[in-house]
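Student: Each chain, written out:
There are 2 protein chains.
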Amino acid sequence: MENLIRFGEKLFDELEIAVYHSRDVSASVELNEISMASTRSGAVTIIRGIKDKRLGLAIVDSDEPERVKEAIEQAAKMAKLNSPDEKWVSLPEPGKYREKPKPNYELKETSPDILVEKLVHGIKLAREKDPNVVVAGGEGGVSWEERRILNSHGIDVFQEGGAAFFFLELVGRKGDVVTPGIFDFDARRDLNLDVDGVVERAVQKVGWAYNVEKSRNEEVPIILGPWAIAGLFSYALLPAFSGERLVKETTPLAGKVGEKIASDVLTIYDDPFHPLSLEPAIADGEGVPTRKNVLIEEGTFKGFVWDNYWAKVYGTESTGNGKRDLRSGGINIGFHSVVIENGKRNLEDLIAEIERGYLVDGLQGAHSSNPDNGNFAVTANPAFLIEDGEVKGASVFLIAGNVYELLKQASEVTKEQTVMPFMNTMITPHIKFENVKIAGK
Amino acid sequence: MENLIRFGEKLFDELEIAVYHSRDVSASVELNEISMASTRSGAVTIIRGIKDKRLGLAIVDSDEPERVKEAIEQAAKMAKLNSPDEKWVSLPEPGKYREKPKPNYELKETSPDILVEKLVHGIKLAREKDPNVVVAGGEGGVSWEERRILNSHGIDVFQEGGAAFFFLELVGRKGDVVTPGIFDFDARRDLNLDVDGVVERAVQKVGWAYNVEKSRNEEVPIILGPWAIAGLFSYALLPAFSGERLVKETTPLAGKVGEKIASDVLTIYDDPFHPLSLEPAIADGEGVPTRKNVLIEEGTFKGFVWDNYWAKVYGTESTGNGKRDLRSGGINIGFHSVVIENGKRNLEDLIAEIERGYLVDGLQGAHSSNPDNGNFAVTANPAFLIEDGEVKGASVFLIAGNVYELLKQASEVTKEQTVMPFMNTMITPHIKFENVKIAGK
Numbered sequence: 001m002e003n004l005i006r007f008g009e010k011l012f013d014e015l016e017i018a019v020y021h022s023r024d025v026s027a028s029v030e031l032n033e034i035s036m037a038s039t040r041s042g043a044v045t046i047i048r049g050i051k052d053k054r055l056g057l058a059i060v061d062s063d064e065p066e067r068v069k070e071a072i073e074q075a076a077k078m079a080k081l082n083s084p085d086e087k088w089v090s091l092p093e094p095g096k097y098r099e100k101p102k103p104n105y106e107l108k109e110t111s112p113d114i115l116v117e118k119l120v121h122g123i124k125l126a127r128e129k130d131p132n133v134v135v136a137g138g139e140g141g142v143s144w145e146e147r148r149i150l151n152s153h154g155i156d157v158f159q160e161g162g163a164a165f166f167f168l169e170l171v172g173r174k175g176d177v178v179t180p181g182i183f184d185f186d187a188r189r190d191l192n193l194d195v196d197g198v199v200e201r202a203v204q205k206v207g208w209a210y211n212v213e214k215s216r217n218e219e220v221p222i223i224l225g226p227w228a229i230a231g232l233f234s235y236a237l238l239p240a241f242s243g244e245r246l247v248k249e250t251t252p253l254a255g256k257v258g259e260k261i262a263s264d265v266l267t268i269y270d271d272p273f274h275p276l277s278l279e280p281a282i283a284d285g286e287g288v289p290t291r292k293n294v295l296i297e298e299g300t301f302k303g304f305v306w307d308n309y310w311a312k313v314y315g316t317e318s319t320g321n322g323k324r325d326l327r328s329g330g331i332n333i334g335f336h337s338v339v340i341e342n343g344k345r346n347l348e349d350l351i352a353e354i355e356r357g358y359l360v361d362g363l364q365g366a367h368s369s370n371p372d373n374g375n376f377a378v379t380a381n382p383a384f385l386i387e388d389g390e391v392k393g394a395s396v397f398l399i400a401g402n403v404y405e406l407l408k409q410a411s412e413v414t415k416e417q418t419v420m421p422f423m424n425t426m427i428t429p430h431i432k433f434e435n436v437k438i439a440g441k
Numbered sequence: 001m002e003n004l005i006r007f008g009e010k011l012f013d014e015l016e017i018a019v020y021h022s023r024d025v026s027a028s029v030e031l032n033e034i035s036m037a038s039t040r041s042g043a044v045t046i047i048r049g050i051k052d053k054r055l056g057l058a059i060v061d062s063d064e065p066e067r068v069k070e071a072i073e074q075a076a077k078m079a080k081l082n083s084p085d086e087k088w089v090s091l092p093e094p095g096k097y098r099e100k101p102k103p104n105y106e107l108k109e110t111s112p113d114i115l116v117e118k119l120v121h122g123i124k125l126a127r128e129k130d131p132n133v134v135v136a137g138g139e140g141g142v143s144w145e146e147r148r149i150l151n152s153h154g155i156d157v158f159q160e161g162g163a164a165f166f167f168l169e170l171v172g173r174k175g176d177v178v179t180p181g182i183f184d185f186d187a188r189r190d191l192n193l194d195v196d197g198v199v200e201r202a203v204q205k206v207g208w209a210y211n212v213e214k215s216r217n218e219e220v221p222i223i224l225g226p227w228a229i230a231g232l233f234s235y236a237l238l239p240a241f242s243g244e245r246l247v248k249e250t251t252p253l254a255g256k257v258g259e260k261i262a263s264d265v266l267t268i269y270d271d272p273f274h275p276l277s278l279e280p281a282i283a284d285g286e287g288v289p290t291r292k293n294v295l296i297e298e299g300t301f302k303g304f305v306w307d308n309y310w311a312k313v314y315g316t317e318s319t320g321n322g323k324r325d326l327r328s329g330g331i332n333i334g335f336h337s338v339v340i341e342n343g344k345r346n347l348e349d350l351i352a353e354i355e356r357g358y359l360v361d362g363l364q365g366a367h368s369s370n371p372d373n374g375n376f377a378v379t380a381n382p383a384f385l386i387e388d389g390e391v392k393g394a395s396v397f398l399i400a401g402n403v404y405e406l407l408k409q410a411s412e413v414t415k416e417q418t419v420m421p422f423m424n425t426m427i428t429p430h431i432k433f434e435n436v437k438i439a440g441k
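If you're matching them up, the sequences are chains G and W in order.
With the UniProt record's numbering as the guide, the letters of the first sequence map in order to residues 1 to 441.
With the UniProt record's numbering as the guide, the letters of the second sequence map in order to residues 1 to 441.
Here chain G stands alone, though its shape is the one from the complex (with noise of 0.2 Å):
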């Protein structure tokens, strides 16, 4: 590859080779049953060559040193056709690593029966404890990726590691009742998937769902699970840490470094290194180290997140947050495990105090959320009436709302985390909130 960077340096003023090897493993389910199990790997090469500050960008689904260098050709003669980015300063420079985390390479070799075993014992495990139950879907899957990424400016990283993850998706039917669809996951570096977990959760909720308690208009507490905080956030929160944001003026967070944006109970960063991260990176899709960057420490707004580009068009450094899209194998403003700090106690110890509430498994229509002030309408489903310190069944209602209102109505947050795979992975405790208004459905 060395030899293939001294090579685009005859064509180009700076260069970049990005070398992704990745294997899946996966398995799923639809009606109770195995529906498929399959075996996927590939390698992708990415170019990324500037020449008089045009850029040139090609993806070849190869290592092969030939094909590279058909694509480092490529990236040249397309950079040749397009016109100068007067705003491109430079690649990134060497920086100094956090020390590597071993991989685990059982995850290397993953056979999808293993998979398979465990999904077929998910679902036998969820009908016995609930014979009302349906699997309607559910996946477990192992990913692998070895990555290297190399620069005319004398990066070189190489990097290697796996996560595996699961989950059901389970419909209950009794009497006139179907319930909504139910969901529940594990995801972790290692093949030991909560299964068990997994259902019992699943089958909980599901039981508490087979009562249906109309919703209302008013003002309550609601507890958020970790799958609903990860659709809200991803879409109407995090979209406004981006640099990119701030440089072209579409982040509501301009200018509020340091000022109060949420309630003292919400810490949030961003860290791959966290013990429950999925994937805990050095560096990020273009080379650069990664670090933990606080995003929010006690309510308090503390900064943007950048990747190369951006960073020195603004003119501060890269955080590390140059996340690879290997569709456009373009870098974007991204997050590696986004945490929320967790509390000191259960979420029982929270649903035992509330008079009337709801605690909200999952929101639809977080995406349609508008990242440049907050706003956001969703529909909270599934989500569970609280009373006198109990769950009574499932509910159905709206939340139109604004997220930094929302920030600021926190009032707790539980001491179990859970790591979501799906959307921005992140690790987050059930959050509650005060006072928030809902519309019945």
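Hints are computed from structural coordinates only; laboratory data are not their basis.
Note that this is a predicted model, so its numbers are computed, not measured.
Hints are supplied without guarantee of correctness; some may be wrong.
Said to hold, decoys possible - Below, simulated DSS-like cross-link-like pairs (lysine-lysine); rule was C-alpha separation at most 27 Å, straight line:
| hint | chain 1 | residue 1 | chain 2 | residue 2 |
| --- | --- | --- | --- | --- |
| 1 | G | Lys118 | W | Lys69 |
| 2 | G | Lys51 | W | Lys124 |
| 3 | W | Lys100 | W | Lys323 |
| 4 | W | Lys248 | G | Lys124 |
| 5 | G | Lys129 | W | Lys80 |
| 6 | G | Lys124 | W | Lys87 |
| 7 | W | Lys118 | G | Lys51 |
| 8 | G | Lys87 | W | Lys124 |
Assemble the complex: chain G is given as a structure, and chain W must be docked to it using the hints.
Tutor: Only chain W this time, still in chain G's reference frame:
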């Protein structure tokens, strides 16, 4: 592969091996510049085996005999763990195919250079024709696929072919007006993509959109363009023709064969052999011969489409509409090329006769339509106000209605047909509908 069928027959009562080779080259535009060129290729083999009515399905991204053998064993293990599907009858028997179309081998070897050149030409031309235009996005792509479907009943069918597509998204900015993203596209089975036509049509629409006209609540004629039709029909109408939905009682067309469900001007059929078709398949995803299946003939509903499984459950024959989902490996009922028959007059003639009405280029929100009853609620955008036979400017409005009511309001179809390569492949004229209720926005 025949040997592998023999190997699999020891483990299964019957089995199918489907091998897909693909090669995709593409290039993209972002904000007037070429952002990426990519070349990707791959092989996927899917095993579907049945033993005592128990299904096993395995996917492997290779066609090497050793790995396919492993996948067969994988599928056999899975079948043992599943329960019998009492509805299962059998995999398809060999059928009689139409003559294979001659593939255009030029598409097998295409370099992304050609697409980059076409995009650069498109960007240059668009900005020459209208200096206020930004080419916000766009893509050119060429895909090539070779597939072989074999099963233990003697099916062995090989097909190969390719298609090219091209689209641009323009945004115009004049004074205070920023137009919505205006799309136009071309798709065909050779490389003569009509870049000039795409630019000309898109620039014309941008020109219209510089003038913004308020919409109001009214009942007016509207003309839907190909993109709007493909969006609405893909979600609100086409699923209703699925035999699976007939069996599951989730189609409003049950019991209506021979009934008038649309205006006389509408004839709709599915046929991969239409001259504009992007994929003239002689066999579907499970090796059943394709044919022309008429859905609606001069307003009369002619019948459902079937794959092998649901046809046998219902006691009829597959219509060759088993489409393979390469992600899940399974077969779903789907379409090859949905053709809406064209008429005699040009779009200009139709527009010239409208005193007040709208030309609708795109419909947002069509994916939320309900195919169980045909209800939909969409935002028409981009859409253009027509007054006194001329397009006056851009408007945004809502249409909430029922697709079957709309079908009866169709009054004319244009002579020109466009092939829509996204969602379901559709070959469609513009369609005029009378007295459509719209809500101003």
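Student: The structure should be examined with respect to each hint, and the outcome stated for every one.
Tutor: Each hint, compared with the structure:
1. G:Lys118 / W:Lys69: 23 Å, holds
2. G:Lys51 / W:Lys124: 21 Å, holds
3. W:Lys100 / W:Lys323: 18 Å, holds
4. W:Lys248 / G:Lys124: Holds: Lys248 (chain W) and Lys124 (chain G) sit about 26 Å apart, inside 27 Å.
5. G:Lys129 / W:Lys80: Since the Cα atoms of Lys129 (chain G) and Lys80 (chain W) sit roughly 23 Å apart, the hinted pair holds (cutoff 27 Å).
6. G:Lys124 / W:Lys87: 22 Å, holds
7. W:Lys118 / G:Lys51: With a Cα-Cα distance of about 22 Å, the restraint between Lys118 (chain W) and Lys51 (chain G) holds, given a limit of 27 Å.
8. G:Lys87 / W:Lys124: 22 Å, holds
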